[in-house]
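Peer 1: Here is how the chains run, residue by residue.
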Amino acid sequence: MAAIVRISSVCHRGGKLLFYRSSLLARPLVTQQKDQDRSYLLTARIHGSSSLRAGSVSKAASLHWTGERVVSVLLLALGPAAYYFPGPAVDYSLAAALTLHGHWGIGQVLTDYVHGEPKIKMANAGLFLLSTVTFAGLCYFNYNDVGICKAVALLWSK
Amino acid sequence: MLCLYTVHVPCRVLSWYPVSCRVLSWYPVSCRVLSWYPVWSVPMMMSITHRGTGVGLSGGISAFALLALVLPDSYPYYLDLIHSLSIGPALLGLAKFGIAFPLSYHTLNGIRHLFWDSGKGFTLPEVYRSGYVVIALSILTSIAAIAYM
Numbered sequence: 288m289a290a291i292v293r294i295s296s297v298c299h300r301g302g303k304l305l306f307y308r309s310s311l312l313a314r315p316l317v318t319q320q321k322d323q324d325r326s327y328l329l330t331a332r333i334h335g336s337s338s339l340r341a342g343s344v345s346k347a348a349s350l351h352w353t354g355e356r357v358v359s360v361l362l363l364a365l366g367p368a369a370y371y372f373p374g375p376a377v378d379y380s381l382a383a384a385l386t387l388h389g390h391w392g393i394g395q396v397l398t399d400y401v402h403g404e405p406k407i408k409m410a411n412a413g414l415f416l417l418s419t420v421t422f423a424g425l426c427y428f429n430y431n432d433v434g435i436c437k438a439v440a441l442l443w444s445k
Numbered sequence: 171m172l173c174l175y176t177v178h179v180p181c182r183v184l185s186w187y188p189v190s191c192r193v194l195s196w197y198p199v200s201c202r203v204l205s206w207y208p209v210w211s212v213p214m215m216m217s218i219t220h221r222g223t224g225v226g227l228s229g230g231i232s233a234f235a236l237l238a239l240v241l242p243d244s245y246p247y248y249l250d251l252i253h254s255l256s257i258g259p260a261l262l263g264l265a266k267f268g269i270a271f272p273l274s275y276h277t278l279n280g281i282r283h284l285f286w287d288s289g290k291g292f293t294l295p296e297v298y299r300s301g302y303v304v305i306a307l308s309i310l311t312s313i314a315a316i317a318y319m
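Residue numbers (this note's numbering), protein chains in the order written: chain A, 288 to 445; chain B, 171 to 319.
Take the hints with a grain of salt, since some may be wrong.
Claimed, not checked - With a cut-off of at most 27 Å between alpha-carbon atoms, the simulated BS3-like pairs for lysine-lysine come out as follows:
| hint | chain 1 | residue 1 | chain 2 | residue 2 |
| --- | --- | --- | --- | --- |
| 1 | A | 346 | B | 290 |
| 2 | B | 290 | A | 445 |
| 3 | A | 346 | A | 406 |
| 4 | A | 346 | A | 437 |
| 5 | B | 290 | A | 437 |
Hints were generated in silico from the structure; no laboratory data involved.
From a predicted model like this one, the values you see are computed outputs, not experimental measurements.
Isolated chain A, as found in the complex:
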């Protein structure tokens, strides 16, 4: 007895049944093909252009995703580095990694909650400004003051 998982978005898409996996009925295969085409066209429409540009957009998004993970791992490694090898090298690396990680993180939050083309542009511009000021401030602190590693050490010895 095969189990058929029927994903039915009845309320939203007006009663259309999408067959996720079927082994007995031939008719669902036709439905699946139609829906696949429809979902592809929808994806192309979301990316806002022909399939060629959609490819480069998804490539950029994929690189962004990988970049986010790389910076996360780097930041993880900088933690013990800051503890065992405090100094200007780790200070400036921390400033860069922290700012970038935060910038991309808040960027994801904005993407999730801000809708509408002009609002998205404004929010991202504001975020860019904030991240620039943050990086400038951290570098200034590293240069003219004790530096991030020493600052944490001093704070914790209080």
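Position chain B against the provided structure of chain A, taking the given hints into account.
Peer 2: Only chain B this time, still in chain A's reference frame:
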């Protein structure tokens, strides 16, 4: 033949952000099942806490950087200023916990996220188990960080 029906219904998770939720049923569900509140779950709470701690930490760093640019005196001066206020060990410990816990939680849950990104640990028992480990470890490391100095 046994079928599982899934229906998307609008529901309100927070009062200002409507979200579409999935209702699982063995029976065809009619559109009448509206205003269905999702059951809060540990993974759900941990996910939003991860986001909340991230935003909070980022805000804290930005605030620190802004203050570094704006305030005239050096960092040790302001540290001594706070120290001279004689706040008391309890409140001091609480403040340190307030800094240490978001950092440790976000870091440990971030590692959990990276495991997911590598494709591991997606079964539901694993998600719950790793979640409880993250919560326990972050509380422990925060307390250890406070007790350390």
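Peer 1: Give a verdict on every hint.
Peer 2: Status of the hints after comparison with the structure:
1. 346(A) - 290(B): Given pair residue 346(A), residue 290(B) holds - Cα atoms ~24 Å apart, limit 27 Å.
2. 290(B) - 445(A): Between residue 290(B) and residue 445(A) the Cα gap is close to 41 Å, so the pair fails against 27 Å, i.e. violated.
3. 346(A) - 406(A): Satisfied, since the Cα-Cα distance of roughly 25 Å is no more than 27 Å.
4. 346(A) - 437(A): violated, 40 Å
5. 290(B) - 437(A): violated, 37 Å
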